[in-house]
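If you want the building blocks of each chain, they are given just below.
There are 8 protein chains.
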Amino acid sequence: TDACIDHHRSLRTGMPEVIYGASKSATQIISIAKALLPHTSPVLVTKVGEDKARTVRDELPTMVYHQAAEMLSAREIQPGSSDHAGTIAVICAGTSDMPIAEEAAVTAESLGNPIARIYDVGIAGIHRLLAHRPLFDKATAIIAVAGMEGALPGVIAGLVSCPVIGVPTSIGYGSSFGGIAALLSMLNSCAPGLAVVNINNGFGAACMAHAINLGRICPLPQK
Amino acid sequence: TDACIDHHRSLRTGMPEVIYGASKSATQIISIAKALLPHTSPVLVTKVGEDKARTVRDELPTMVYHQAAEMLSAREIQPGSSDHAGTIAVICAGTSDMPIAEEAAVTAESLGNPIARIYDVGIAGIHRLLAHRPLFDKATAIIAVAGMEGALPGVIAGLVSCPVIGVPTSIGYGSSFGGIAALLSMLNSCAPGLAVVNINNGFGAACMAHAINLGRICPLPQK
Amino acid sequence: TDACIDHHRSLRTGMPEVIYGASKSATQIISIAKALLPHTSPVLVTKVGEDKARTVRDELPTMVYHQAAEMLSAREIQPGSSDHAGTIAVICAGTSDMPIAEEAAVTAESLGNPIARIYDVGIAGIHRLLAHRPLFDKATAIIAVAGMEGALPGVIAGLVSCPVIGVPTSIGYGSSFGGIAALLSMLNSCAPGLAVVNINNGFGAACMAHAINLGRICPLPQK
Amino acid sequence: TDACIDHHRSLRTGMPEVIYGASKSATQIISIAKALLPHTSPVLVTKVGEDKARTVRDELPTMVYHQAAEMLSAREIQPGSSDHAGTIAVICAGTSDMPIAEEAAVTAESLGNPIARIYDVGIAGIHRLLAHRPLFDKATAIIAVAGMEGALPGVIAGLVSCPVIGVPTSIGYGSSFGGIAALLSMLNSCAPGLAVVNINNGFGAACMAHAINLGRICPLPQK
Amino acid sequence: TDACIDHHRSLRTGMPEVIYGASKSATQIISIAKALLPHTSPVLVTKVGEDKARTVRDELPTMVYHQAAEMLSAREIQPGSSDHAGTIAVICAGTSDMPIAEEAAVTAESLGNPIARIYDVGIAGIHRLLAHRPLFDKATAIIAVAGMEGALPGVIAGLVSCPVIGVPTSIGYGSSFGGIAALLSMLNSCAPGLAVVNINNGFGAACMAHAINLGRICPLPQK
Amino acid sequence: TDACIDHHRSLRTGMPEVIYGASKSATQIISIAKALLPHTSPVLVTKVGEDKARTVRDELPTMVYHQAAEMLSAREIQPGSSDHAGTIAVICAGTSDMPIAEEAAVTAESLGNPIARIYDVGIAGIHRLLAHRPLFDKATAIIAVAGMEGALPGVIAGLVSCPVIGVPTSIGYGSSFGGIAALLSMLNSCAPGLAVVNINNGFGAACMAHAINLGRICPLPQK
Amino acid sequence: TDACIDHHRSLRTGMPEVIYGASKSATQIISIAKALLPHTSPVLVTKVGEDKARTVRDELPTMVYHQAAEMLSAREIQPGSSDHAGTIAVICAGTSDMPIAEEAAVTAESLGNPIARIYDVGIAGIHRLLAHRPLFDKATAIIAVAGMEGALPGVIAGLVSCPVIGVPTSIGYGSSFGGIAALLSMLNSCAPGLAVVNINNGFGAACMAHAINLGRICPLPQK
Amino acid sequence: TDACIDHHRSLRTGMPEVIYGASKSATQIISIAKALLPHTSPVLVTKVGEDKARTVRDELPTMVYHQAAEMLSAREIQPGSSDHAGTIAVICAGTSDMPIAEEAAVTAESLGNPIARIYDVGIAGIHRLLAHRPLFDKATAIIAVAGMEGALPGVIAGLVSCPVIGVPTSIGYGSSFGGIAALLSMLNSCAPGLAVVNINNGFGAACMAHAINLGRICPLPQK
Ligand SMILES: Nc1ncnc2c1ncn2[C@@H]1O[C@H](COP(=O)(O)O)[C@@H](O)[C@H]1O
Ligand SMILES: Nc1ncnc2c1ncn2[C@@H]1O[C@H](COP(=O)(O)O)[C@@H](O)[C@H]1O
Ligand SMILES: Nc1ncnc2c1ncn2[C@@H]1O[C@H](COP(=O)(O)O)[C@@H](O)[C@H]1O
Ligand SMILES: Nc1ncnc2c1ncn2[C@@H]1O[C@H](COP(=O)(O)O)[C@@H](O)[C@H]1O
Ligand SMILES: [Mg+2]
Ligand SMILES: [Mg+2]
Ligand SMILES: [Mg+2]
Ligand SMILES: [Mg+2]
Ligand SMILES: [Mg+2]
Ligand SMILES: [Mg+2]
Ligand SMILES: [Mg+2]
Ligand SMILES: [Mg+2]
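Protein chains in written order, with this note's numbering: chain A, 1 to 223; chain B, 224 to 446; chain C, 447 to 669; chain D, 670 to 892; chain E, 893 to 1115; chain F, 1116 to 1338; chain G, 1339 to 1561; chain H, 1562 to 1784.
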C-alpha cells in the first residue's frame, strides 16, 4: 500500500488510526486494514456504504458491518471493561439523524465505553427529552445529534453539568444548507458547556467523548 | 419632498406607509412625516437614533420618542379599542434582544393591538419560559425574538396553537454572522406553525401579527 | 419502531405530527404511519417520491398519493367542515413552482381549510395576477410561492390586508443558488404583512396558514 | 502623479476615463483631474464625500459638486446636443435609493444624454409606477435602481420593450447583506430584457445606457 | 394545461413568452408550445436535453432541435429581415463555454438578429481576441461568454464603444463555485459599458441584445 | 431590572449565569451584577471594554478588571481548592490571540481550575510548541486558541490523549473572514479528540474545560 | 474543430496549451489533440475519466493514460534532461489526496522536471513528515497537497527555504465545503513563502513549479 | 515580552520573523522589535498606521517608516548585493492598489531583491501594460496586484514564462466583497503559471518571490 500508517497514534492519543472510508476504494481499505489488524485495537472503518463493505468483508471476514452506522469494525474493546468507565449518552433529535448517532455510538462502544441511546426526542415535543432526564443526568459526557435547526444540544447543555458535544447533521433541505444551519446554531448556543464537531462527524464526537472518559478513569501517564 | 407617498396604503393593506428612518436625514423624515400627519393614523418612524429623533421632535413636537425601540410615533390608535382584538405576546430570549422586541411591541401597540411583554426567557434556562405559559397561551399571535442560536421561536411553536412569528436579531459575535445563525435556525425549525421575518425586523413582525389580528376581528371587506 | 412519536402534538398545537418522508425508508414510513393511524387525523407524509409511495401504499392501501404534491394522506378532515373557516389562497409564480404550491394546498386542505388555487401568475406579466384579485381579496391568509427572483409575495403583500406567507422555491439556476435568491428577496420585502418559511417548505406555509385560520374560527381555549 | 492615465479611452469606448474617488485622497484626485482637464470632456469624479470634494474644489474651482450624487464634474456635454439622442429614464424604488439614482443621472447627463427622473415608486405601492408609464415608455433605455428586495427592475422589464439596466443598492439591513439580496433578485428576474451592474454602481449603469444610446444615434465608425 | 400564458408579452416587450424547459416535463412543454404555436413568432424552448426534445418533436415535428444550444425552436424570424438591423457579436472564452454561447446565438437569431460568432478566444492567449477586432468592432451589441475567471467581457469592454453583455458560465471547478467567480469578476469590471446576466443565461443575454438592437432600428411606438 | 435571572443554573450545570457585556450598557451590567452578587460564585462579566468596566467598578468596587481578558470578576473560587482538580492548559498561536486566551484562562481560573499558560507557539515555528510538551502532556484538558489558518489545535490533538477544545479567533485579514478560516480549519481537523467553540469564544471553551474537569474530580450527583 | 488553438503559448510562457478534459466530449478532445500533436511537446489532457480516455486512445493510441492522475499524455519531455534541473517535491496529506498529487506529479514530470513523491504524511501524525525532511529539503520547489483542514502546506512552509505551492483538495465532508476549508487555511497561513492554486488544481501547481524551475536553470531570454 | 520569538526562522526559511502590526499595540511592537534588532536582518513591521509608527519610532529611531506601504523597517539588506539576484517586477492595476503593491515592493527590497515598479496599468486600457513588456519580460518573478475584477495577473501569466504571484486587494465596493471577487478571479485563471496569496497580502507575495529568487541565485544548502 501507498499509505503511510501512523502506528504510534494509540500510544500518543489513546486511540488508533481509523480508516476514513468515503473517498477510498475497497482495495485501498483492505490494504490499510490488513496493515492495522495485527497491531491495533479496535480496527474501524467509517462512512463505508453497504456494497463497498461487502467487498471488504469478502476479504476480511472477521470485520463486522454495522449497517445503521455505515461502519466496519474488528477487535472492539469490551465496553465498560474498566469498572471506573462512565456512560456516554448519545441523544438524537429525529429518526433521520439516527445514522450519525449510530456512527458515534458504535465508535465509542468499540473504544470500550458504555453507551446509553436516547433517540427521536427533538425540541418540537420537548417533553420527550425531559422524560429521559434520569438517564442522561448520569452520563459523563453527552453526544447530542441534530439536523434542521440544531437546537437540541443547546437545550441539553442548559440542563446538565457534564460536557456536551454537539453533532450537526445534514438532515433538512433548502436553507439547512447541508447542515450549516444546525452547525451555526450549535456554535452560537447561549448555554455554555457545549463544543461542536464537523457536520455528520459522529466519529469525531465519539473520540472527544472517549478522551473525556479516559481522563475520568485514570490520571494521564507522566511522560 | 421628493418622496412619492403611498396615501392609499391603509385602505389596501390595513396599515399606513411607515417611514424607514435608518437611511434618511432628519430633514427628509420631517418632510415625509409632515405629508403623512394630516391623513394617517398612526404616523411611525422606525430605526431612528436618539440625536436624529431630537432634531425631528424640535420641528414636530407632537411626535413621541420611544427610546428602547428607537422609534418615533404620533396619532397612535388606542390599544384594544375594538373589543374583539386579541392580545399579541412579544417574547424575547435575552436582555440584549429587547430593542428589537420593543420595536415590535411599539409598532403593534400603535396599530391598536393589546400587547403582553415576556422578556429574557431564553432556552439556556427553559423553566423561565414555561413559567409564563398561561400568559402566552391566550395570545392570538406570538412574536418570538432571539439572537445567537435563535432556538426560542421553535421551542414556542412546539407548545402553542396560535401562529408564531420569529424575529432573528443580530445579537452575538463570531459565527452568529450578524444574525444569520438565528435566521437559519428559525427557517429550519422542525416545529411547524412558525414563519420568519428579516433579521432585526421587529417592525415587520408586528405588521404580520397585526394582519393576523385584523383577520380575527372582522371578515375582510368584499371588494 | 425506533421513533418516539409525539402523540400530544395535536392537543398542544392544533395539528398532529407529520412524517417527513425525504430521509426515511418506506419501512420507516410504514412503521410510523401505523403508529399514527389509530390516533391521528389527518395522517400525512411529505416529500415522498412516487416509488417509495407505492411501497407504502402496498402495505397501507387507505393512504392516498398526491402526485403533484409528492405527499401521502389518510383520514383528511373535510375542508370547510366548520362554517366559520376562511379560504386560504395558494398563489404561485410559474408552472415550475406548482409542486411546492400543491404541497401547501394538499396539507392545508387535509387539515380542513377551503383552498383557492391561483397558479402561473408571476410578475413578468403582472396583469395575470391582477385579474384574480377578487378571488384572493377574500382570503383569510395567502400562501405565495415563487422561485427565481421571488418577487411575487412582496407584490401581493402590497395589495392585500390579510397575512401573506412567502414560500421560496429552488426553481432557477446559476445565481438562484437553489432558492437563496428568492428567500432573500422575500425576507427583504419593502411591503410589510409578509413572513417567510424555508425554501420549498409548502408544508410549513400550510401549517402557518392553518394556525392563522384556527385563530379566526374560534378563540383559543383557556388553559 | 503616479497614475498612468488612459488618454485614448474616449476614442476607443466613447467615454473618457472617470476618477473613482472612494479610495483616493484629495491630493490624488486633484493630480489626476489636472491631467485630464486639458484633454477630456466631461471630467467626472464619483463616490467623493462632501469634505474631500471641498478640498478638490479649493484647488479646481471649475469643478461642480453634485451633493445628492456625491460626484464632481467639469466640462459636461450639453444634454441632447445631438437631436437624435433618446431619453434615458432613471427610476428608483425608495427615497433611500436616490443617491445612487442621482449618480446614474448625473453621469448620463454629463455624457450628453437627456434624462427623465422617476423616484420613490417601489413595488409596495405599484400604482405609483404605473402612473408614470407614459413617461418611461418613450425611453431608449431605463436604469432601474432598488435596494431591499430589488424587485422593481424585473417588474419594469415585464412592461417595456427597451433595454433595462438594474442597479442593486445597499439600502436595507439584516439579510439584505449590503445589497446581495437585491443583486440576486435582479440576476434571477423571470422577465428578460434586463441586465445588471454592481451594487451601488449608478455610474456603470449610466455608461451602459450611454453606450446603448450612442448606438441609436449613429452607426459605429468603421475602424 | 395549468399554465397561464402571457399572450400580450410580445406587444408589451417586443419578444414573446419563451418556455423554460429545465424544470418541465415533455408533456408540460408540449401543452404550452401547442398553446403558443398559433399566435407566436418565434416559439422557443430553452434548456431542454436531447431525450426530452425527442419526445416533444415526436408530437410537434415542426420544432427544430439545436443540439449545441439545447434549444427547440419554431417559426423563427428571418435574421436581418429588416435592413436596419445591426449585427450582434457572440464571443466566448473557451470551447467549454460554447453551449451557452450557442443558447445566446440561437435565441437572438430566432428573434431576427444577424449574428457573428467568435469562439475560443480567452485571455490566456489574448492575441486570438485581438485578431478578430475588425469583426466585433462593427457590432451593435456584444455578448461575451466566459467561465473560470470570467475576465473576457471586461477586456472587451475596454476596447469597444458598443454595449457589452457579460454571461458567466458554470465552467470550471473548485473555487469557480459553479460560475460565481466569473459572475463576480464581470460585476466588478473596471471597464464600464458592461452589464451582466445570470450564470449560464445565454437566453437572457440574447433578449437584452435584441432589446438594444430593436431600439436602433426604429423609435419605440408612442403608447 | 428587566432581566429574568436564572438563579438555579449553578445547581443544574455546575456554573452560574455569566453576564455577556458586549451588547449591554454599564447600567444594565450593574443592575444584573447586583442581583447576582449575593447568591453566586463567581460573578463574571465578559467582553467589557475598559471604559464600561470603569463605570461598573465605580458602583461595584469589589469587582476586579482583567484588562488583557476584557473581563470583570468577583467572588472567584480559589483555583485548585479541591486537591483532585486537574490542570487546564491554555495554548495560543500568536501574541495577537492573547486576549481570547486570557478570556479562557480567567474564566476557568475563576471557576477554580488550575491553569498553565503557553502563549505564542504557532505552527510557523513548530519547535516552540514541542518544547512545552512536558507541560501540556499533564493537562486534563487543553484549550487551543488560534486565528489566521487555525492549524494549532489540530496539531496538538495529534500529540495528546486529553480532550482538546479549539477556539478560532478573528485575528487575520482578507480571506480570514473574521475567523471563518480558522473555524473551518478546526472543524475539519483530521486529528480526532478535538471539538470547537464559536469564534473568539474563550469563555465557552473555559466552560467546556471546566465541565470536563468537574467530571474528573467526582462522579455527578444522582438526581 | 471549433477550437482556436494557441500555438504560440509555449514560446511565450514556456509550456504549451493543455486540454482541460472535464467539460469536453471525447470527440472534442481527439480533435484538439490531433491539432496539437504535430507541433507540441508534451501533449496533455487533464481531468479525463477512464471511459472517456479509452475512447480517445482508440483513436490516438500513442497517448498514455495515467489512471491515478486521470490524465492522458504524449510526447513527454525526458525528466531532468537538462542537468541543471532541480527536483520538485510533491507531498500529500492523506491517501485520499493522491489523485490530485498525481495530477501535479505527472504534469511536472511530462514538462521535464525530476519529481520526488512523499505521500500520506498529514499533520495528525507529524513525525511522518519530519522523517522525510532530508528528501524535501533538497527540492527547488514543493507542491503540498491537502484536503480537510489543509494545514500541511503551512507547516512545511515553516520548515524550508524553497517556495511552497499549496493545493487544497475537495476531500472531506460537511463544513469542508468541497475544499473551501483547506483553501482558506492555506491562504491564511502564518508561515510565509507559500502561495496557493485553485481547489484540486494539481495541474496549475505543477505549471507554477515548472515556471520556478525554469528560472533556476537558465536566465530568461532577452526579448 | 510575552512573545515567544522564533530566532531560528532565518536559518530554516531564508527570512526572519516579521512583526504583523495590525493587531498589536505600539508597546507590543517595540518590545518584539527590541528583541529582534540585535539578531535579525532585516527587522520589518507590516500593516502599521502612521500614528502607531510614530510612537514606535520615538522609542526606536533607527526604524524607517514607509508611508505608502504602511511599514517600518531597519537593517535592510542592500538590494542586489548578490550579483546573481534577479529583478522582481511589482505590477498593479489601479492607483488605489498602490499601498499593497508598495507593501510587496518594500518587503522584497528589504530582503535584498532588486525591484521594478509598474503601476496603474489595469485591463481597462490594456495597451498600458503591453507598453511595459520589455521591463517585466526580464523579471525572475512577477507580483501582480489587483482589486475589483482582479483580471490583471491572469493576463500577465498568459504573456510570460516566469512565475506570477497574484495579490488580490480589497479595493472595490458592493459585490467585490472586500477582495473576494479578485481572489476568486485569480484562483480560477485559465492561464497557468500563477499562484495566489491572501487578499491585501503584499508581504506574503514578496516572501514567495524572494524564495523563488533565492533558488535562482544558489542551490539550497544540503542539510
Ligand atoms: N416537508 C417538511 N418540511 C419541514 N418539516 C417537516 C416536513 N414534513 C414533516 N416535518 C416535520 O418534521 C418532523 C419529523 O422529524 P422526524 O422525527 O425525523 O420524522 C415532524 O415533527 C414534522 O412536524
Ligand atoms: N433559459 C432561461 N433563463 C431564464 N429565464 C427563462 C429562460 N427560458 C425562459 N425563461 C423565462 O422564464 C419564464 C417561464 O416561466 P414558467 O412559467 O415557469 O415557464 C418565461 O417568462 C421566460 O421569459
Ligand atoms: N424598519 C423597517 N424595516 C423594513 N421596512 C420598513 C421599515 N420601516 C419602514 N419600512 C418600509 O419601508 C418603506 C419605506 O421606503 P422609503 O421610500 O425608502 O421610505 C415603507 O414602505 C415601509 O413600509
Ligand atoms: N485541470 C486544469 N485546470 C485548470 N486549467 C486547465 C486545466 N487543464 C487545462 N487547463 C487550461 O484550460 C485552458 C483550456 O480551455 P479550453 O479552450 O476550454 O480548452 C487551457 O488554456 C489550459 O491552459
Ligand atoms: Mg420524530
Ligand atoms: Mg438573560
Ligand atoms: Mg409561466
Ligand atoms: Mg417611499
Ligand atoms: Mg481553448
Ligand atoms: Mg509570534
Ligand atoms: Mg493516512
Ligand atoms: Mg487608473
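Just to be clear, a hint being listed does not mean it is correct.
[As the list claims (entries may be wrong)] Pairs of lysine-lysine, BS3-like flavour, derived with a Cα cap of 27 angstroms:
#, chain 1, residue 1, chain 2, residue 2
1, E, Lys926, E, Lys939
2, G, Lys1372, G, Lys1390
3, G, Lys1390, E, Lys944
4, C, Lys498, A, Lys47
5, C, Lys493, E, Lys926
6, E, Lys939, G, Lys1390
7, A, Lys52, C, Lys498
8, B, Lys270, B, Lys257
9, F, Lys1167, B, Lys275
10, F, Lys1167, H, Lys1699
11, A, Lys34, A, Lys52
12, G, Lys1476, E, Lys939
13, F, Lys1149, F, Lys1167
14, G, Lys1372, G, Lys1385
15, A, Lys47, A, Lys34
16, C, Lys480, A, Lys47
17, D, Lys721, D, Lys703
18, E, Lys944, C, Lys493
19, B, Lys275, D, Lys721
20, E, Lys944, E, Lys926
21, G, Lys1372, A, Lys52
22, F, Lys1167, B, Lys270
23, D, Lys721, H, Lys1613
24, C, Lys480, C, Lys498
25, H, Lys1595, H, Lys1613
26, E, Lys944, C, Lys498
27, B, Lys275, B, Lys257
28, A, Lys47, G, Lys1372
29, C, Lys480, C, Lys493
30, A, Lys138, G, Lys1385
None of these hints come from the bench; they were simulated from the model.
Model, not experiment: these values are computed from the prediction.
message: Need the list of violated hint numbers for this structure, in ascending order.
response: 5, 10, 12, 16, 21, 28 and 30
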